[in-house]
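Asks: The lines below spell out each chain.
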Amino acid sequence: MDDWVAELQRDRFDAAWDLFLDRYRRLIFAAIRHYAQDYDDVMDVFARACEALRADDLRRLRSWVEQPEHRARFSTWLVTVVRHLTVDWFRHRDGRRRLSVVAEGLPPLRRRIFELVFLDRRSHIEAYELIHAGEAPTLTFREFLSELRATYHAVSTGRRGQVLRDLAPASEAVEDLPADPAGPSATGVAEQSRLLERALAMLTPDDRLIVELYVLEELPAETVAKVLGLANAKAVYNRSYRALSLVREQLERAGVRREDL
Amino acid sequence: MSSRDPEDRLMMPDEPFEELKRVLDTRVRSEAPTPDCLQDDVIAAFAEGSLAPDLRATVLPHIATCVRCRGAVASVARALADPAVARELVVSPTDRRWYRIAVPLAAAAVLLLLLASPGADRSPGHRGPPPPPSSTTPVPRSPLGLVAAVRDLRWSPVAGADRYRVTVFDATGGVVYAAEAPDTVIALPDSVTLVPGTAYLWKVDARTGFDRWATSELTEFRVAEPRRR
Ligand SMILES: [Zn+2]
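Residue numbers (the working numbering), protein chains in the order written: chain A, 1 to 261; chain B, 1001 to 1229.
Bear in mind the hints are in silico, worked out from the structure with no lab data behind them.
Take the hints with a grain of salt, since some may be wrong.
Covered by chain A, according to a simulated footprint, are these stretches of chain B (three or more residues, beta-carbon under 8 Å) [unchecked claim]:
| hint | segment |
| --- | --- |
| 1 | 1033-1046 |
| 2 | 1060-1066 |
| 3 | 1073-1085 |
| 4 | 1194-1201 |
Note that the structure is a prediction, hence the values are computed from the model and not measured.
Built from N, CA and C at the ideal position, the CB exists for glycine as well.
Chain B with its partners taken away, still in its complex shape (with noise of 0.2 Å):
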C-alpha cells in the first residue's frame, strides 16, 4: 500500500527493511481508549508541531506506545499537509493565536475566500504530496502580516506571466484598489489611504494565457497604529 516521493528515501538505499515494515503492519489490531490518552487540544498542537518542549517530553511515551493517539496525531498531520486544507489555515485569520491578535473578518471577506480558486477543490492529494509548485502561482510577498507601512505590493513570478492583476480588499470585501502590472511590484498610490490597525486583504492574478488566470492565496495585512507618546 506504499507508493511514495522517491525523495522520501534518500538515505534508505537497498530498502533492506521492507519486509520488516510488512511484519510491523501485521501487527494486532484494536484501539481501546486509556485514561492517558491525549485530549483534542494535544493532538492538535502535536500535529501541528506547536506543543511546549516539556509538554512534548511529558506525552512522548505515551504517543509512541498508544496506537490510538498516535494515529490521530498522524491523521491530523496527514490532513494538515493536505493542500486543500492547508489553503484553508493559512486564509483564516484564527491560523495565528486569535486568542492574541483578534483581526476581525467579515463575512463578506468570507464569501471572497469561498469564491476564490474554485477549481482548486478537487485535490487528490492525501498523503501528503507536495504543495503546487510556486512558480505556477503568485505569491504575494509583501505586505503581509503587520508592516509599517505599504508604499508597494510585491509577490513571486510565474512562468509565461505576461501580465499581474492586484487586488486589494477591505474587512467587508470591498475593493480598496486594484490594477494590473507587466512586473512582480506595483507602487500603492497615495490615493489610497490605508487605516491603522485595520484588516485589508490582498491577491494577485497571473496571466499565463488567454482568459486563463493563476490566483495567488488571499493574504492578510494591517498597517501598524502609530506609537502613542
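Bound conformation, chain A alone (with noise of 0.2 Å):
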C-alpha cells in the first residue's frame, strides 16, 4: 500500500499530506501550469488547490481511497480534480480580476466582448444583446459574431489562452433560446443552430462525440481515438467526415443552403 495511504488510513493525516505532496507536487504543478502559464497564477492556484485537498482532513482524497472500486488512475483523477480547482480559481474574485488585465491590450469592443463572455460568462446571445442595447446600437449580428472570433482568437494565443478555453461558456441545446432574441440577424443564427441540434441528434451517441471532441474541441485525432477506444487516429477523420458529410446533408434538406452556413 502507498504510505500516504497508510498514514491515511490510520487518521495520521498531517503526516499523510506530507507523504502525497511530495509525491504529487509536480504532477499538481504540471497540472495547473498546463491551464495557466503565468507564474503568479500558478503560484496562487497552487496555494489553492493545497487548500482544498488538504481541507477537511483531506476529505477529498479520504473519498477516493475509501471507494470500493476504482475507474481512472490516481494520477488522472488528480488531475481532473486539480483542473476543475484551477477553473474555479479563475471564475471567481482573484482569478477573475488576474484575467482582466488580459482585456487591457484590446480594441475597445473586444474588449467589452471578453468582459461579458469569459468574465461575466454571458452567452454569445447576451453578449450581442447587450452589445447591441447599449454601445454600439448599430452592431449586426454578424458583425459581432466577426469580432467574437477575433476576440477568442485573440485571447486564446496568449499566456492565459488554455484556461480562457475552459472558462468560455460552453455550447448547449437551443431549446432554450429566446424566440427573437435580439432582431432577424439573431433569429437567423438561433433557427440555423436549432437545425443544427437537431441534425447532431440524428447521430449515433459515439459519431456525435466524434464531431463535437475532434471538429469543435479540436482535440488531435490520436486522442480522440484514445478517448474513445478506435483504432487509430485515421479512424477519427474517417469518422468525423462521415459524420460531418451527414449532418451538412441534413441541413440542406431543411432548406439550408452553403451560402447560409
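From the two separate chains plus the hints, produce the assembled complex.
Replies: Structure, rendered in C-alpha cells:
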C-alpha cells in the first residue's frame, strides 16, 4: 500500500499530507501550468489547490481511497480535480481580477466582448444583446460574430489561453433560446443552430462525440481515438468526415444552403 | 481560433466544413449541472481512455449531449496529452493501478524527479502538440517495469550523441550504479546486487555537444521475487 494512503487510513492526516505532497507536487504543478502559464497565477492556484485538497482532514483524498473500486488511475483523477480547482479559481474573485488584465490590450469592442463572455460568462447571444442595447446600436449580429471570433483568437493565443478555453461558456441545446432574441439576424442564427442541433441529434452518440471532440473541441485525432477506444487517428478522420457529411445533408434537406452557413 | 497540425486534416481535403464549424461554434452557451452529470473519476477514466466498455456505453449518450461533461473530458484529455503533464504521469508510480501494485517511492527519489530535466517546464504546448521527437532524448528500453533479471541496460540512440551516461538509483535516491558508454547498451556488472521486489529508477543522459546532455525520463523497474516452492 502507498505510504500516504497508509497514514491516511490511520487518521494521521498531517503525515499523509506531507507524503502525498512529496509525491504529487510535480504533477499538480504540471497540471496547473498546463492551464495557466503566468507565474503568479500558478503559485496562487497551487496554494488554493493544496488548501482544497487538505480541507476537512483531506476529505477529497479520503473519499477516493474509500471507494471500493477505482475507475481511473489516481494520477488522472488528481489531474481532473486540479483542473476543476484551477478553472474555479479563475472564475472567482482573485483569478477573475488577474484575468481582467488580458482585456487591456484589446480594442474597445473586443474588450467588452471579453468581459461579457469570459469574465461575466454571458452567452454569446446575451453578450450581443447587451452590446447592441448599449454602446453599439448599429452592430449587426453577423458583425458581432466576427468580432467574437477575433476576440477568441486574440485571447487564446496569449499566456492564459488554455484556461480561457475552459472559461468560455460551453455551448448547450438551443431549445432554451428566446424566440426572437435580438432582431432578425440573431434569429436567423438561432434558427440555424436549432436545425443543427437537430441534425447532430440524429448521429449515434459516439459519432456525435467524435464530431464534438475532434471538430469543435479541436482535440488531436490521436487523443480522440484514445478517449473513444478507436483503432487510430485515421478512424477519427473518416468517421468525423462521414458524420459531418450526414449533418450537412440534413441541413440541406431542411433548406439551409451552403451560402447561409 | 484554429491552427492545427496539417496531418490532422488528411481526410478533409477541401475544407467543406469550416463554415459548418463556425455555426457550431456559435451555439448558445451556458452550463448548468444536471443530476446525470458524471463524477470526477468517470470523467478521468473517459479522458484517459480506460473506462470499461459497458460503463462507456452507459455514459456515452450523456456525454455526447452534455456540454459541461464533454468540456471537462476534452479539457482533461488535453491536459493529459500535454508533454509536461504526461511526463509526470509516466514517472509517477501510481500511474499504474496503484491499489494493486503499490511501489513505495521515498522522498529522496521524488526530489530526484524534481531535479530531472529542469529546462523542460516551460513547454508552450497546449492543444496536443506532438511529443518531442525521441531521437533528441534517449528513451530507456530495458529494464522497464517488472523483469525477471537485469543483465544489461538498453536505450534508444540519440542523433549526434557521442557518449551516454547511465545512472541507477534505489528508492531512497541513492546511486546504485553509474557508468558511461559509447553505445546504447551497457552490461550491469555482477558487483551490483539488485534486491528482488524492490523498486529502482534509472535514467540515461546522452552527450550531444560540449557540456550538453539530453536526459531521458526516470524509468522504474523491479526484479521479480523468486517463486516459492
Ligand atoms: Zn453532464
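Asks: Go check the segment 1073-1085 of chain B versus chain A for me, would you? Three or more residues, Cβ under 8 Å, otherwise it fails.
Replies: As far as the segment 1073-1085 of chain B goes, the hint holds, because 12 residues have Cβ atoms under 8 Å from chain A.
Asks: Between the segment 1060-1066 of chain B and chain A, are there enough contacts, at least three residues with CB-CB distance under 8 Å, for the coverage claim to hold?
Replies: With 5 residues in contact (Cβ-Cβ under 8 Å with chain A), the coverage given for the segment 1060-1066 of chain B holds.
Asks: Mind taking a look at whether chain A covers the segment 1194-1201 of chain B? Criterion is 3 or more residues with CB to CB distance under 8 Å.
Replies: violated (count 0)
Asks: If you count the residues of the segment 1033-1046 of chain B with a beta-carbon closer than 8 Å to a beta-carbon of chain A, do you get 3 or more?
Replies: Holds, because 7 residues of the segment 1033-1046 of chain B bring their Cβ atoms closer than 8 Å to Cβ atoms of chain A.
The structure fails to meet hint 4 from the earlier list, while all remaining hints are met.
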